[in-house]
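Make a model of the complete structure from these sequences and hints.
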Amino acid sequence: MTDGRIQALWGQVAAHAAGHGRKVSVADVCAVAVSSARLAGAWLAAARGSDPDFVMCVTGQVSEQLAELQLMLGEGPCRDVLASAAPVLAADLGNAEFGRRWPGFTPAARQLGAEAVFAFPLTVGVIRAGVLVLYRGSPGPLQDRQLGDLLILADAATVMLLDGAHGGAESEDGSWVDGQARNLAMHRAEIDQATGMLTVQLGVPAAAAFARLRAYAYSQDRRLADVAGDIVARRLRLPRGPDPARGL
Amino acid sequence: MDTDLLSDTFIDLADTMVADFDVIDFLHMLTDRTVRLLGASAAGVVLADPRGELRVAAASSEEVGLLELFQLQNDQGPCLDCFRTGRPVTAADLAAAAQQWPRFAQAAVQAGFRTVQALPMRLRDQVIGALNLFRAEPGAFDPADLRIAQALADVATIGLLHERNVRRRETVAEQLQAALNSRVVIEQAKGKLAERLGIDMDRAFTMLRDYARNTNQHLTDVARDFVASGTTEFPPSARRQPGR
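Here the protein sequences come in this chain order: A and B.
Each residue of the first sequence is one higher than the last, beginning at 434 in our numbering.
Each residue of the second sequence is one higher than the last, beginning at -16 in our numbering.
Everything labelled a hint here was simulated from the structure, so no lab data went into it.
Any given hint could turn out to be false.
As the list claims (entries may be wrong) - Derived Cβ-Cβ restraints for the label pairs, each shown as a range:
#1 P536/A to M(-16)/B: 48 to 58 Å
#2 P574/A to R67/B: 15 to 25 Å
#3 L669/A to S(-10)/B: 41 to 51 Å
#4 D193/B to P672/A: 32 to 42 Å
Virtual Cβ for every residue (Gly too), placed ideally from N, Cα, C.
Below you can see the structure in the form of structure tokens.
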């Protein structure tokens, strides 16, 4: 029941990139997230470990200031979403709960004009790729449909960051985008199980194992879930790749 | 119904919920007990992901066949109908339900099930998921038993949205996503352990859960530590050894 929505959102991301004459990146995901949920702005930070430590894109000056604020203060929704691997949906920063939770961030963010902040972890199980954060100048909850769209776009940003960081990025042309939408369409236990199996088979961390799984499915022009199913059924083993396993 | 088991179940659930507990482990226990109390063949909890999917949070068996039956219900089936209407859905004989849910009914019968019962998990006006019961024999579950099962589904809902009374509506969405990510962490750990020891996923799950219980840790924490560590050793004999 979800495939159509995913296709549509990926289509918007690809169209946004094409409209700017560039290849698809997380900046396009940010832009589509802002417009699809009628928000004021967004930023995306990549994470190594438990902190969001590298701001990859901002959609405007306020977004940039909000992102810097969190890095400076060491508190705020970014840090919380990475710790809990769950979104933080602060629909009204005027709610006393948020003043207590982030005593430094909340008043400073409101001073910059943000009254609602929605932060999404870019995670797959133990894999932490970063955070996507959006804000609005007026308080109010997200509609269910907007929440669903933002979760789907966060998934898109997650695989872009992971594929990019682990050499699996075939994003040189638009075909990469077409090929990926179907691979996000369903959360399947087999994909997560296969990722775990590959950490042993390939001797790499989970993020690299997941990227290798995706790259293999892409190179074979097969669905990710099908490849994962073969690995779980022990019909398929991936060879230790040419890219050296780092660190472990 | 085994009334001793019923009392034990409510005592265990209450004991769990007064302390800090692991949501997935809790839901797993609940599906186990539901199966035993109602004489079902299998049970599972599915949660509604705002992305537009029903996702399995826990099942009494980690068999692939059972999980696929839940997956299928993203297109059709009693689970989906129950979630959409917020009402219980009964399929007393799946062999006769081919018109209603052609693909689901066929797959369920092939997997050895004839009866399905779906019960809604509701919080006020919001349906957050469903508890599903499967049985090998045709024939509806006893209505008195179903009232018990609905009570268990309600307990599951409260357990899932644990820690605090839900003041902000957003808290429900936040905690659902946290539970779903926990489930992914556990799947990754099952995969790593199954590959390491050459065992199946069901056995890998049991080992992880037993180790968590015996060492008084959360299942999700045990799973996360195992996947994130550089070692493939399980149980971890010593503290993490970085840069092995």
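Hints versus structure:
At about 52 Å, the beta-carbon gap between P536/A and M(-16)/B stays in the expected band of 48 to 58 Å. For the hinted restraint 15 to 25 Å between P574/A and R67/B, the CB-CB distance of approximately 22 Å keeps it satisfied. Hint check: L669/A to S(-10)/B, Cβ distance near 48 Å, so the stated range 41 to 51 Å holds. The given range of 32 to 42 Å is respected by D193/B and P672/A, whose C-beta atoms sit roughly 34 Å from each other.
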